[in-house]
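Asker: Chains as they are written, first to last, in my numbering: chain A, 1 to 339; chain B, 1 to 293.
These are computed hints drawn from the structure, not numbers from a lab. There may be inaccurate statements among the hints.
[Stated by the list, open to error] Listed next, the stretches of chain A that the computed footprint assigns to chain B, with coverage defined by at least 3 CB atoms under 8 Å from CB atoms of chain B:
#1 10-24
#2 162-175
[Unchecked claim] Taking lysine-lysine and the DSS-like style, the derived pairs with C-alpha atoms no more than 30 Å apart in a straight line are:
#3 B:LYS281 to B:LYS132
#4 B:LYS244 to B:LYS132
#5 A:LYS200 to A:LYS70
#6 A:LYS261 to B:LYS167
#7 A:LYS261 to B:LYS252
#8 B:LYS243 to A:LYS70
#9 B:LYS43 to B:LYS244
#10 A:LYS94 to A:LYS202
#11 A:LYS202 to A:LYS149
#12 A:LYS261 to B:LYS243
#13 B:LYS126 to B:LYS80
#14 B:LYS167 to B:LYS25
#15 A:LYS328 to A:LYS280
#16 B:LYS244 to A:LYS70
#17 B:LYS27 to B:LYS167
#18 B:LYS244 to B:LYS80
#19 A:LYS70 to B:LYS252
Keep in mind the model is a prediction, meaning the values are calculated, not measured. Virtual Cβ for every residue (Gly too), placed ideally from N, Cα, C.
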Amino acid sequence: MIVAMQETATEDQIQVVVEHLIDMGFSVHRTTGERQTILAAVGSRADFDTRNLEVLSGVMEVHRISAPYKLAGRSFRPQGTIIEFRNGLKVGGKEVVVMAGPCSVESREQLFTVAELIAKAGARALRGGAFKPRTSPYSFQGLGLEALKLLREAGDKYNMLVISEVMEISQIELMLPYVDILQVGARNMQNFNLLRELGKLKTPILLKRGIAATIEEVLLSAEYIMAGGNYNIICCERGIRTFETYTRNTLDICAIPVIHKLSHLPIASDPSHGTGRRDKVAPMARASVAAGADALLIEVHHNPDKALSDGAQSLYPQQFSELMDSLKMIAPAVGRTIA
Amino acid sequence: MLRQITIIGTGLIGGSLGLALRKNKFKGKIIGCDRPEVLRRAKRLHAIDHGVADPSAACEGSDVVVLATPVGAAIELIGKVAPRLNLNAIVTDVGSTKFEIALRARQVFGEDAPRKFLPGHPMAGKENSGIKYADPDLFRGAVWFLTPLVGKNLPAGAGREYVALLKRIGAKVAFLDPAGHDRLCAWISHIPQMISTALAASLVEEYGEEAPLLESGGRALREMTRIASSPYSMWRDVTLTNKKSIAEALLKIEQRLAHIRENLDTRELEAEFNQAHQLRKSHSPRRHGKIIG
Numbered sequence: 001m002i003v004a005m006q007e008t009a010t011e012d013q014i015q016v017v018v019e020h021l022i023d024m025g026f027s028v029h030r031t032t033g034e035r036q037t038i039l040a041a042v043g044s045r046a047d048f049d050t051r052n053l054e055v056l057s058g059v060m061e062v063h064r065i066s067a068p069y070k071l072a073g074r075s076f077r078p079q080g081t082i083i084e085f086r087n088g089l090k091v092g093g094k095e096v097v098v099m100a101g102p103c104s105v106e107s108r109e110q111l112f113t114v115a116e117l118i119a120k121a122g123a124r125a126l127r128g129g130a131f132k133p134r135t136s137p138y139s140f141q142g143l144g145l146e147a148l149k150l151l152r153e154a155g156d157k158y159n160m161l162v163i164s165e166v167m168e169i170s171q172i173e174l175m176l177p178y179v180d181i182l183q184v185g186a187r188n189m190q191n192f193n194l195l196r197e198l199g200k201l202k203t204p205i206l207l208k209r210g211i212a213a214t215i216e217e218v219l220l221s222a223e224y225i226m227a228g229g230n231y232n233i234i235c236c237e238r239g240i241r242t243f244e245t246y247t248r249n250t251l252d253i254c255a256i257p258v259i260h261k262l263s264h265l266p267i268a269s270d271p272s273h274g275t276g277r278r279d280k281v282a283p284m285a286r287a288s289v290a291a292g293a294d295a296l297l298i299e300v301h302h303n304p305d306k307a308l309s310d311g312a313q314s315l316y317p318q319q320f321s322e323l324m325d326s327l328k329m330i331a332p333a334v335g336r337t338i339a
Numbered sequence: 001m002l003r004q005i006t007i008i009g010t011g012l013i014g015g016s017l018g019l020a021l022r023k024n025k026f027k028g029k030i031i032g033c034d035r036p037e038v039l040r041r042a043k044r045l046h047a048i049d050h051g052v053a054d055p056s057a058a059c060e061g062s063d064v065v066v067l068a069t070p071v072g073a074a075i076e077l078i079g080k081v082a083p084r085l086n087l088n089a090i091v092t093d094v095g096s097t098k099f100e101i102a103l104r105a106r107q108v109f110g111e112d113a114p115r116k117f118l119p120g121h122p123m124a125g126k127e128n129s130g131i132k133y134a135d136p137d138l139f140r141g142a143v144w145f146l147t148p149l150v151g152k153n154l155p156a157g158a159g160r161e162y163v164a165l166l167k168r169i170g171a172k173v174a175f176l177d178p179a180g181h182d183r184l185c186a187w188i189s190h191i192p193q194m195i196s197t198a199l200a201a202s203l204v205e206e207y208g209e210e211a212p213l214l215e216s217g218g219r220a221l222r223e224m225t226r227i228a229s230s231p232y233s234m235w236r237d238v239t240l241t242n243k244k245s246i247a248e249a250l251l252k253i254e255q256r257l258a259h260i261r262e263n264l265d266t267r268e269l270e271a272e273f274n275q276a277h278q279l280r281k282s283h284s285p286r287r288h289g290k291i292i293g
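Start from the sequences, fold in the hints, and give me the full structure.
Answerer: So, in structure tokens, the structure goes:
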């Protein structure tokens, strides 16, 4: 925090401010200029209200220079974080990584059919839900461990990474042998117990933005994981609730450049959940790449009309393939390539 | 010993303070300042001994000057009363927000501000305003926030005696910093007002033409919309001077509402209800945090 004193501030006034800062637990560095004195207060008091300094005599301006998150902040790694995987794939570098697959793994036949099609079209990671706690107890609940095994097998066969959502702490150990990236869903973005456990791992985490979360809150959640020692985090914009009701959610494209500015972490975009409607997925995917997304998450189903969950937002394989072609043209315009 | 107190603005709060001081055997003189008809009534009720129309003249000879007007007027009044103050007199106020007025006091009094100005805020009031609703027991048992300009430093002399008087009229004096006070009041007072106002305004929009349907709402609805009748004139100053804290709290509420809207058909809603129930479970009237007095 920087406290700029008025040019007319007396030595007594400056001392009152210094003592107040020390009382509040800051260490104070003083620069006495020819005309003006500047105080730099160093310390981590996220709850400190700078306005209480503004009411002290002789104070001109108070600026907070640090964000409430430190490890996730851009200044921690100005060059940006690049997450490298076993097969050499990198997220956060020059290449944009497309992750695709069905909403949930329904059967061996379904998963392998989709996996082959998307791999051919250029997807580098296979996504798929193993656990699907649905609203209605009568809905499809996911294949669990069976799904994880299928994902790994299909991923290995078609040279794709595997990403799947972890919903509770008890699933972590079960999933680790099978996945390359653990996804934290929007509903769990502020499940701090889960985040704390994930912080103990080295496995990369894809952290989805909560449906009503601000960008600062996403980065604070990332901070939570990083505080435990796991710095391999990909943030993911997946749409937020707004006043618009036409699409299920509003994909906040602007969050992509904002997070790039505030943080060193890579950011992915999920236009499937972000829009909830198949015909809006490709335009928003293209916009995301143009805005600088480091990765895309796209739902693809070989027979969406018969999908057991979220069929309405899943692309047909042909649509996915066409999308990949257009992304390959858009990426170079913003200095990127499609991995 | 305080020999004389000036109360500028002898409406509900200022008038009640005068009545309370009298009832609790304050021996000094009480000068009031307001519109002539208000002063006449205040004097008749013995809330004040003497009325003076001009604010700066009313302060002459007083040890304590209480600005008992809405926040905006109090901010303007500080500059007017400052030149006529006694050497050891203090100025205090009763406004709903504390940061902006503290900032203004710093401009007016400069280095002397922490010694001359003691921002205050009694957590008491009624839906009706004006001297005719004044009540000597209005502050009995109520929290009275004081937000000194520098840390814990209370103005000496008159300041300490004023605090003793507040305790004598039954107020529970509590200390906070100005910005912390405004943040707390945003949550415990300003946000409930905005929610009540939004609910009432929406009800008028949806069913305003069909009053009988609205009247079919029960006690819960009446309680939720009771404070929606509060006057804008008072809330204008509050929102203007506490915009940052209110906006931050409103954003949190908007997020909460979005979360609820998203989870009307999931068990997340149950978690929300469970968390809400904790408010009453952990709340007991004796638990007031670090309240002194």
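Asker: State for each hint whether it applies.
Answerer: Consistency of the hints with the structure:
Check on the stretch 10-24 of chain A: 6 of its residues sit with their Cβ under 8 Å from a Cβ of chain B, so the three-residue criterion for coverage holds. Residue count for the stretch 162-175 of chain A with a Cβ under 8 Å from a Cβ of chain B: 0. That is fewer than the three needed, and the coverage hint is violated. Note on LYS281 of chain B and LYS132 of chain B: the hinted pairing is violated, with a Cα-Cα distance of about 38 Å set against a maximum of 30 Å. Restraint check for LYS244 of chain B and LYS132 of chain B: the C-alpha separation of about 34 Å exceeds 30 Å, so the hint is violated.
Restraint check: the Cα-Cα separation between LYS200 of chain A and LYS70 of chain A comes to about 18 Å, which is no more than 30 Å; the hinted pair holds. At most 30 Å may separate the alpha-carbon atoms for a hinted pair to count; LYS261 of chain A and LYS167 of chain B exceed this at roughly 53 Å. Only pairs whose Cα atoms come within 30 Å are accepted, and LYS261 of chain A paired with LYS252 of chain B is accepted, the gap being roughly 24 Å. Proximity of LYS243 of chain B to LYS70 of chain A is assessed by CA-CA distance (about 28 Å); at most 30 Å being required, the pair is judged to hold.
The suggested pairing of LYS43 of chain B with LYS244 of chain B is violated, with an alpha-carbon distance near 40 Å, which exceeds 30 Å. Between LYS94 of chain A and LYS202 of chain A, the direct Cα distance comes to roughly 23 Å. Compliance with the 30 Å bound is thereby established for this hinted pair. Between LYS202 of chain A and LYS149 of chain A the alpha-carbon distance is near 21 Å, which keeps this suggested pair within the 30 Å criterion. Taken as a hint, the LYS261 of chain A and LYS243 of chain B pair is honoured in the structure, with Cα atoms around 27 Å apart against an allowance of 30 Å.
Under the criterion of a C-alpha separation no larger than 30 Å, the hint pairing LYS126 of chain B with LYS80 of chain B is consistent with the structure, at around 29 Å. Our distance criterion of 30 Å between C-alpha atoms is met by LYS167 of chain B and LYS25 of chain B, whose separation comes to about 13 Å. Under the criterion of a C-alpha separation no larger than 30 Å, the hint pairing LYS328 of chain A with LYS280 of chain A is consistent with the structure, at around 19 Å. Of the supplied pair hints, the one linking LYS244 of chain B and LYS70 of chain A holds, its CA atoms being roughly 24 Å apart against a limit of 30 Å.
Distance check on the hinted pair: LYS27 of chain B and LYS167 of chain B sit about 16 Å apart at the alpha-carbon level, within 30 Å; holds. Proximity of LYS244 of chain B to LYS80 of chain B is assessed by CA-CA distance (about 27 Å); at most 30 Å being required, the pair is judged to hold. Proposed proximity of LYS70 of chain A and LYS252 of chain B is supported: the alpha carbons are some 23 Å apart, at most 30 Å.
Comparing the model with each numbered hint stated earlier shows that hints 2, 3, 4, 6 and 9 do not hold.
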